[in-house]
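There are 4 protein chains.
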Amino acid sequence: MHSVCMRSYTSSVQTPVRVQPVAAPDQPQVTPALKTLYRGFEDEFLVPLWTEIGDLMPTHPRPGATPHVWRWDRLRRLAAQAGELVPVGRGGERRAIALANPSMGGRPFATPTLWAAIQYLMPGEDAPEHRHTQHAFRFVVEGQEVWTVVDGDPVPMRRGDFLPQAGWNWHAHHNATDEPMAWIDGLDIPLQYAIESQFFEFGRSEISEAERGTPDRSRSERLWAHPGLRPVAGLTSGRGSPLLAYKWKHTDRALSDQLALEGEGYQATVEPGHAAVRYTNPVTGGDVLPTIRAEMHRVARGSETAPTRDTGSSVYQVFDGSGTVSVGEHTWSVSRGDLFVVPSWQEFSARSEASASDSDSGALDLFRFSDAPVFEALGLHRHDAEDAVR
Amino acid sequence: MHSVCMRSYTSSVQTPVRVQPVAAPDQPQVTPALKTLYRGFEDEFLVPLWTEIGDLMPTHPRPGATPHVWRWDRLRRLAAQAGELVPVGRGGERRAIALANPSMGGRPFATPTLWAAIQYLMPGEDAPEHRHTQHAFRFVVEGQEVWTVVDGDPVPMRRGDFLPQAGWNWHAHHNATDEPMAWIDGLDIPLQYAIESQFFEFGRSEISEAERGTPDRSRSERLWAHPGLRPVAGLTSGRGSPLLAYKWKHTDRALSDQLALEGEGYQATVEPGHAAVRYTNPVTGGDVLPTIRAEMHRVARGSETAPTRDTGSSVYQVFDGSGTVSVGEHTWSVSRGDLFVVPSWQEFSARSEASASDSDSGALDLFRFSDAPVFEALGLHRHDAEDAVR
Amino acid sequence: MHSVCMRSYTSSVQTPVRVQPVAAPDQPQVTPALKTLYRGFEDEFLVPLWTEIGDLMPTHPRPGATPHVWRWDRLRRLAAQAGELVPVGRGGERRAIALANPSMGGRPFATPTLWAAIQYLMPGEDAPEHRHTQHAFRFVVEGQEVWTVVDGDPVPMRRGDFLPQAGWNWHAHHNATDEPMAWIDGLDIPLQYAIESQFFEFGRSEISEAERGTPDRSRSERLWAHPGLRPVAGLTSGRGSPLLAYKWKHTDRALSDQLALEGEGYQATVEPGHAAVRYTNPVTGGDVLPTIRAEMHRVARGSETAPTRDTGSSVYQVFDGSGTVSVGEHTWSVSRGDLFVVPSWQEFSARSEASASDSDSGALDLFRFSDAPVFEALGLHRHDAEDAVR
Amino acid sequence: MHSVCMRSYTSSVQTPVRVQPVAAPDQPQVTPALKTLYRGFEDEFLVPLWTEIGDLMPTHPRPGATPHVWRWDRLRRLAAQAGELVPVGRGGERRAIALANPSMGGRPFATPTLWAAIQYLMPGEDAPEHRHTQHAFRFVVEGQEVWTVVDGDPVPMRRGDFLPQAGWNWHAHHNATDEPMAWIDGLDIPLQYAIESQFFEFGRSEISEAERGTPDRSRSERLWAHPGLRPVAGLTSGRGSPLLAYKWKHTDRALSDQLALEGEGYQATVEPGHAAVRYTNPVTGGDVLPTIRAEMHRVARGSETAPTRDTGSSVYQVFDGSGTVSVGEHTWSVSRGDLFVVPSWQEFSARSEASASDSDSGALDLFRFSDAPVFEALGLHRHDAEDAVR
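Residue numbers (my numbering), protein chains in the order written: chain A, 1 to 390; chain B, 1 to 390; chain C, 1 to 390; chain D, 1 to 390.
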């Protein structure tokens, strides 16, 4: 019966539509001979460049992905309903519900390279162990008392924590509390789907009692979360960052320190009122995942970031505060938990509320992840700052 | 009127079909509540993982590209007809006719990451100057007396020559003879299309008289084609390999030397009877282009390569000789100029004719290009040699 | 008059003596003709290999440096006397007293590549600003309330803190208290002296009032001492680690965590009872200085490290506890502040006291610095662990 | 009896003298208390910084090595005498006679990091097999018909050829002719002596008949001397450049091409009339040896190079032509085979003869090797071009 549901998804697949229609260059006059030639091309599985060049080789990126916002309350509500109706188990693997960019034909892709999903785990539930070549992370906008068990190491997840998961590490989740919990998963599924590099392996159906532990710090943090220090013992497996959790208290302090230094007159922030940190692999100092960059940005109360644009795409989630964001031609008011995408070469800026309530800092905290490491590794990164954009 | 032609192409676009049908995992029972939930997902541009996981996260790559062979005589004939019917000029830019993998929906993509086209230039014709972020090369299976002008340096093209063209270098072509000439172009157009990184710029409409020169060696070769030597003067622009042509005489000699060394009892070849060289950037020793690997393989008369498979896709062209190649379930007899694709994780082997005519060496020379540098840069490369494959 | 003192130093210079006498290989019989030949060599500033090869090309490193220990109480006392008698100021620059390895001819070199000195600053004193290509660090075995001002950033120094100082950064010191303070300086002075790479520049004679500040954390720490995080703003100068202090509380916790993990049955330590962390540059994950590696080792109460030997030399200082160390043929009892050298390819092991007093942990904490990055950069590192040594 | 000879060498050792006397900074007044303090320092093997800083930390490199020239005819003559008087065999290993910089105390060191020697092999002689961590090369200013056998591969040596020999490769030499042959050896013996990293191992006493072969090209060249190409087979051992000979015909052509391009109006040379190539490791594109850079410079007839200075030291040999070179305060006329040193941070320039005989090109060809890779690996390289020097 579920094939019905499957079909309903398939039928929702729309042909991808480019944001801007591409003018075809001047074409040769259509004669019977040309028609015959073109039929010959079709017969031989050939396509000429001169009819396609405008689409294939545009003068600048014309993203197939649309700027779009997803509201946290609706995601949360649907995820909770899924928690009631859909079990978690082997095969489906995770109760994860992915953002499907409206202009990408119904595919569960936030952008051409990035997957973003809300994952939901009920009290006492486990998500079974598996591993895959796709690089992944979790980011927690609310909740606590779920542990991700990575290669046997239970890693706590709490509001503000960032948990990277480089490809091919075994991992499972368990909810040790009597409350459901939701968080977001980010992966490079669309990229690896496009280039066809995926491997996937099922793990044990049950994790052990020891792995069901609920420590306050994972073993990875006890080994690696000491600033500027690394163990002398040869402990790295070569499968990405050995630090499996970046706790909110460190992120928050780093952002506060930047704004305080700015206030004292020192260079520390990206621009006035805009602090930002990048999550890094302590073994290399580089990006935390080979294909995904992750950062936390703080826009101080009443501040606005200058418009920038970059090749490559990003997904943002509002971690705290509220404000206004502009992506290309779109402008939205956003608040805690809302997710939105910034497609390639689309202008982006963010503004925090000037008149926040007295009870909070008024800052707009934005979690961001992007495919920047892919662009940098292949020499394809471009960045335009304010002047070039306007 | 050309919109007709355009439409005829559009109508030929087929929905991509995966090679193997993917079994959906067990699904929850379809209830009215579940239907409501799924409708809610659709309304909010959401897609669950559990219905898609088999397609998105397969246990190993299930390539969307099909193994396919294109015959040189037919390509050559169609290209010659295009030479009569389709002018080369600004807008269309190049008289290039691309391989369109039969299972990629009519897109002019040989594989999900690679573009391969036959380009054809009539006597006295120029192809106008432009530049683009897409990395490119030319490889010449027959003909001579065309020069590619790269940043003002005329580079001769002759049978067996390989000409890399890293992104964002200005380039044009001119045919200085009274014969048409055909060669193949390889680019990373599909990759850059997928990740949306493309920039393109038109150059001058005419190249200068000096650039129309017909030197036997380009300036780039005079500076860089000396084995193990580099100029002390700081001449590299940072836009890829400064060596713009790899002449056949060097490639041929390197392959002959490997087979001769093998015959003398020394380790030199990939396996018995199978010599191979890789084109490299002399500044780094690494791949000649950031996204494309290029190699020439020689399978000695009567030899056969062991089956291997790799993540990532390749395009091959038979440069010389004839033989039999196997790709996945397919086996074809191939000879000079034929092109074929090896999709990701498909088994490949090649065999040269045992009974070649007396007049030639009997070796099967295969030019290969692939997306291996992308896979290596992102940590996604996997290789299986004979034992693992069988 | 001071030339007297200078001369007394010069006169103390002894001819370097190799630890083991080197047998000259068999030599040709001395004939009048050979004597004439050798005289010809001398006249032309030539030396044959065959008389020198045993010394120049030994079968394994025969260090010119001797294992030696310097006792902290005597260093401290002499430094205090110097505090009374020798002013700090422009020209002499620092009240630093260097370890002079007994077999290195009176040169102030702890090993052929490393300088180690006790520096002493009286209450209210400043050490003037300068910069040099020599890479440096401070390590504090006792005291507090001195700040090192690096490029204008006052960095506090307290017991257990490690302060790297990559070459060519401006720096000064000021003692803001009414107590003298002593610490050790480590530099690559002998290496840069040997290869002749040194530059030195005098800075301002007075630092500003703002730089005389006494913050609890330096600005560099506020920007960079957050585990796994880096500022997105482009703040690195390219002159080595931007993190200018590695506070003891982090080092201590990392070591405690390793021993606790070992106690819980997990791999975390170098070997049973032996925890160790390396100071790293957060921008690269590599060594904190281009020519100097720095580490803190903790040998738990009653534990002993297995003998190892490495190419390259090290200097150790006992940070806490007491125990016994073996270097080559030497064995010494050591306690807080004692310094000793481990020359190239000399076997080393350490043992903590089994019966420490109740009042402390009983662990032996050893600060170590070495020239390992030089050996690794030049491909010259070798390491023998227990089995190979014995 | 040979101990006499040894002693005569030892007695010729002079105390190293720095080129420029270093003014000691102002010193504290010598009081009885200070004398006591200084005596205390001596007793404890301590040396203060303030008496030594001018020597240890100069404002710029003050090289201990002196600019000096060695004349080829005298070296050649003495080497020939050694050929008569001193056998080659196990123990002495090589009939090599090293340049001993006049201000380096009689040590056989051309500079603080570099060894340069003339090696001489009589007809039919072998130099026995060994290996060592010291990186080495041969450069041939005259002669032929000697083969260096590297890991079993006989490599021919002829005038103009450069043969790198990365550390820890087995190697021997054999002279297959009835003429003696001389060439120069370059090694990093002084550097490895200073930092104490040396290992040395004796090989077989006799090489095999097969290794005694006299091929025109070594196997390494047949595999690796194809411009821009590398074998696909995994043949590199990780012990430095796999290309064991850089033949003169390639070097000569590269230099000629540069000067011709300059004549045609293109950028190709270091400066007008000054062509230069660097020998590189084809696997990395970087320096041919981890610690030694090697280059060939051609100064066209009547041209002069602009003065430059660099940190680090070089040794030059005149390969062809004659001219005038200036090193610091020294100026010498030089011709084929003459060797000279350029110490660290000493100004250097070269001028070819304006009125060369009709029978040759009139160019001055200078082979150069230096320790630049060490300086670059450790971040210590500095270069001053014309303006800064004058």
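Among the hints, a few may not be true.
To be verified - If we take Cβ atoms under 7 Å as the criterion, some of the chain A residues that face chain B in the derived model are: (1) Glu93; (2) Glu145; (3) Trp168; (4) Asn169; (5) Ala176; (6) Thr291; (7) Gly379.
Said to hold, decoys possible - Not everything, but these chain D residues come out facing chain B in the computed CB check (under 8 Å): (8) Val30; (9) Leu34; (10) Met57; (11) Arg212; (12) Pro215; (13) Ser220; (14) Leu223; (15) Arg230; (16) Leu235; (17) Arg239; (18) Pro242; (19) Arg253; (20) Thr280; (21) Gly285; (22) Thr331.
Keep in mind that the hints were calculated from the coordinates and are not lab data. As the structure is a prediction and not an experimental result, all values here were calculated from the model. Quick reminder that beta carbons are idealized off the backbone N, C-alpha and C, glycines included.
Against the structure, the hints:
Taking 7 Å as the C-beta contact cut-off toward chain B, the hint placing Glu93 (chain A) at the interface holds, the least distance being around 6 Å. Below 7 Å, beta-carbon pairs count as interface contacts, and Glu145 (chain A) has none with chain B, the closest being about 23 Å; its hint is therefore violated. A distance limit of 7 Å between C-beta atoms decides the matter here; for Trp168 (chain A) the minimum to chain B is near 9 Å, and the interface restraint is violated. Proximity of Asn169 (chain A) to chain B is violated relative to the hint, the smallest CB-CB distance being about 13 Å (cut-off 7 Å).
For Ala176 (chain A), the suggested interface contact is broken, since its CB lies about 23 Å from the closest CB of chain B, more than 7 Å. Interface hint status for Thr291 (chain A): upheld, as the beta-carbon distance to the closest one in chain B is roughly 6 Å, under 7 Å. Evaluation of the Gly379 (chain A) hint against chain B yields a held restraint, the C-beta minimum of about 5 Å falling below 7 Å. With 8 Å as the threshold, the beta carbon of Val30 (chain D) stays out of range of chain B, its nearest partner Cβ sitting at about 53 Å, so the hint is violated.
The interface hint given for Leu34 (chain D) is broken, as the beta carbon of that residue sits about 54 Å from the closest beta carbon of chain B, more than 8 Å. Residue-level restraint check for Met57 (chain D) is violated (minimum Cβ-Cβ distance to chain B is 32 Å; threshold 8 Å). The interface hint given for Arg212 (chain D) is broken, as the beta carbon of that residue sits about 16 Å from the closest beta carbon of chain B, more than 8 Å. For the restraint placing Pro215 (chain D) at the interface with chain B, the shortest Cβ-Cβ distance is roughly 10 Å, beyond the 8 Å limit, so the hint is violated.
A cut of 8 Å between beta carbons decides the hint on Ser220 (chain D): the least distance to chain B is about 10 Å, and the hint is violated. A distance limit of 8 Å between C-beta atoms decides the matter here; for Leu223 (chain D) the minimum to chain B is near 6 Å, and the interface restraint holds. Annotation: interface hint on Arg230 (chain D) holds; nearest CB of chain B at approximately 5 Å, less than 8 Å. The interface hint given for Leu235 (chain D) is met, as the beta carbon of that residue sits about 6 Å from the closest beta carbon of chain B, less than 8 Å.
A cut of 8 Å between beta carbons decides the hint on Arg239 (chain D): the least distance to chain B is about 16 Å, and the hint is violated. Because the closest C-beta pair between Pro242 (chain D) and chain B is about 10 Å apart, greater than 8 Å, the hint is violated. A cut of 8 Å between beta carbons decides the hint on Arg253 (chain D): the least distance to chain B is about 6 Å, and the hint holds. Look at Thr280 (chain D): its Cβ gets to within about 5 Å of chain B, closer than 8 Å, so that hint holds up.
Against a cut-off of 8 Å between C-beta atoms, the interface hint on Gly285 (chain D) holds, since the closest Cβ of chain B lies about 4 Å away. Here the hint on Thr331 (chain D) is broken, as its CB sits about 24 Å from the closest CB of chain B, past 8 Å.
Figure legend: structure checked against the earlier numbered hints; hints not met, in rising order: 2, 3, 4, 5, 8, 9, 10, 11, 12, 13, 17, 18 and 22.
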